[in-house]
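Line by line, the protein sequences give chains A and B.
Using my numbering, the first residue of the first sequence is number 1, and each one after it goes up by one.
Using my numbering, the first residue of the second sequence is number 377, and each one after it goes up by one.
Think of the hints as simulated: they come from the structure by calculation, not from any bench.
Some clues are possibly wrong.
Claimed, not checked - Pairs of lysine to aspartate or glutamate residues, derived as EDC-like cross-links and limited to a Cα-Cα distance of at most 16 angstroms, are as follows:
#1 A:K283 to A:D261
#2 A:K331 to A:D261
#3 B:K398 to B:E378
#4 A:K223 to A:E211
#5 A:K361 to B:D442
#6 B:K396 to A:D53
#7 A:K265 to A:E335
#8 B:K445 to B:E405
#9 B:K381 to B:D402
#10 A:K197 to A:D243
#11 A:K35 to A:D53
#12 B:K417 to A:E360
#13 B:K386 to B:E439
#14 B:K428 to A:D116
#15 B:K420 to A:E364
#16 A:K61 to A:D32
#17 A:K156 to A:E211
#18 A:K283 to A:E335
#19 B:K428 to A:D29
#20 B:K417 to A:E335
#21 B:K420 to A:D29
#22 B:K398 to A:E300
#23 B:K420 to B:D402
#24 A:K197 to A:D186
#25 B:K428 to B:D442
#26 B:K399 to A:E42
#27 A:K74 to A:D261
#28 A:K331 to A:E267
#29 A:K255 to A:E211
#30 B:K420 to B:E403
From a predicted model like this one, the values you see are computed outputs, not experimental measurements.
Chain residues, written in single-letter form:
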Amino acid sequence: MSQSITTGQLARRVVNREKTLILDVRNTDEFDDWKIEGDSIEVMNEPYFNLLDGVGPVAEKLNKDQEIIVVCAKGNSSKMVAELMGEEGFTNVYDLEGGMKAWSEHLEPVKLADLDGGGSLYQFVRLGKGCLSYMIVSENEASVIDANRMTDIYEKFAEEKGVTVKHSIDTHLHADHISGGRQLADNTGGTYHLPSKDAEGVTFNYAPLEEGSNITVGSTTVKVQPIYSPGHTMGSTSLIIDDQYLLTGDILFVKSIGRPDLAGKAEDWVGDLRDTLYNRYKKLSDDLVVLPAHYSFVEELTDDGSVKARLGDLYQRNSGLQVDDENEFRKMVTENLPPQPNEYENIRQTNMGKMNPEDEKQREMEIGPNRCAVHG
Amino acid sequence: MEAAKVLDAKGMACPMPVVKTKKAIDEIESGDILEVHATDKGAKSDLAAWAKSGGHELMEEAEEDDVLKFWIKKA
């Protein structure tokens, strides 16, 4: 008899730092490219096809009574391996339902704060991909920022809170994941906001996200003040919420900074990126809490499972903010960049409405890690 | 390419294409070629990795009308 664990149960373990052993049975190339990570997670790899003649290769390394969670690409091979292990006397084996495909789509909501004017701010952590999105809830309204493709998750969350999503905002045209922003606005009858400089050639209607034009959420005003902060994309715009939270999009992360090359404009935009990071943000209060659109390393998760950091602290310890020499900075963000995200150009075309791939294709396009950052 | 055996694994989801391929390879002689037809996209990387781990040679692969075709020479 086989037992399963859901992506939600596994996500709680990562966030709560519960000791967990994962046996990933995908082939090693895929495992090396992208795997489940966490402070408390130990993960080993043995492709399922090496276990068809017997589970010997893993039996040597594991105790028969220890808890093991078997993971594969879609959830079928892991079930088979869990059953094979059960037949060999392993008593505590689970398979992850839906495999890495489901893990890639799981969003774990974490409450960040109660806002001054009433209402709350939530961060949605996509543990399988490192994407962060946000929901502001105030009175009976909500606004979602940098929504992922799985819009049903935000809609369900809003329904549970008894609020309607009035605004859906993208801080920039994303290249590493397919935005759910437009779809979410369509589904909820809300307005979709996108910086106009990133909207050149888009095939849909949008409300331009502009510096100085506040967006009000709820009857108690939560001020959302867009700050034009080019660099990652030409139109990248940061948001300040409640004078306390700085949503940086892909410009500034906790341990790294945004890469300027995903629209093929590294040389052109490196100056903008530098100006944003070394001048514009520097003029803001050190006490702002930076809330980025991504994280790269699982160590960036704080104790409550959220990803955040004080702006002043980042000026002390984020390696991307320590490069005083302009030429050195230019070199860092234009040379030695990590590989570009899977299908990033097609993802941009999709986010511009120029491509409309089927659901399954969209899923495939997003598989793999996000690579939006430059690590200094 | 002259195949000793053709395996139809179309419509099968992971892990079945590899499970069936393994069985079919057991039924042919060393040096013979097995031709596999599959539709599961994951078969592409999995069959290549499986063949490599077993010492078999993936001679050729092709895609025709959404059908992935592989020619594997048994070690």
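Mind checking the alpha carbons of K445 of chain B and E405 of chain B for me, to see if they're no more than 16 angstroms apart? violated (20 angstroms)
Next pair to validate is K420 of chain B with D29 of chain A; report whether the Cα-Cα distance is within 16 angstroms.
holds (12 angstroms)
(Q) Just to be careful, I want the Cα atoms of K386 of chain B and E439 of chain B compared with a cutoff of 16 angstroms; is the pair within it? (A) OK: K386 of chain B and E439 of chain B at ~13 angstroms, within 16 angstroms.
Could you grab the alpha-carbon distance between K265 of chain A and E335 of chain A and see if it respects the 16 angstroms cut-off?
Distance of about 13 angstroms is within 16 angstroms: holds.
Discussion item. Check the hint pairing K399 of chain B with E42 of chain A against an upper bound of 16 angstroms on the C-alpha distance.
Written reply: violated (33 angstroms)
(request) Verify the proposed pairing of K74 of chain A with D261 of chain A, using a straight-line Cα cut of 16 angstroms. (result) Violated, because 32 angstroms separates the two Cα atoms, which is more than 16 angstroms.
Restraint status (C-alpha distance of K255 of chain A to E211 of chain A at most 16 angstroms): The hint is violated at about 26 angstroms.
Are the Cα positions of K283 of chain A and D261 of chain A separated by 16 angstroms at most? violated (26 angstroms)
Open item on the list: Need the status of pair K197 of chain A, D186 of chain A: alpha-carbon distance at most 16 angstroms?
Closed with: violated (22 angstroms)
Notebook entry, point to check: Holds or violated: K381 of chain B with D402 of chain B, Cα cutoff 16 angstroms?
Noted result: Holds - the C-alpha atoms of D402 of chain B and K381 of chain B are around 11 angstroms apart, at most 16 angstroms.
message = Hinted pair, alpha-carbon criterion (16 angstroms max): K428 of chain B, D116 of chain A. Please report holds or violated.
response = violated (60 angstroms)
Assess, step by step, whether the Cα of K428 of chain B is no farther than 16 angstroms from the Cα of D442 of chain B, and give holds or violated. violated (24 angstroms)
Going down the numbered hints, you'll see the structure goes against 1, 3, 8, 10, 11, 14, 16, 17, 18, 20, 22, 23, 24, 25, 26, 27, 29, 30, while the others check out.
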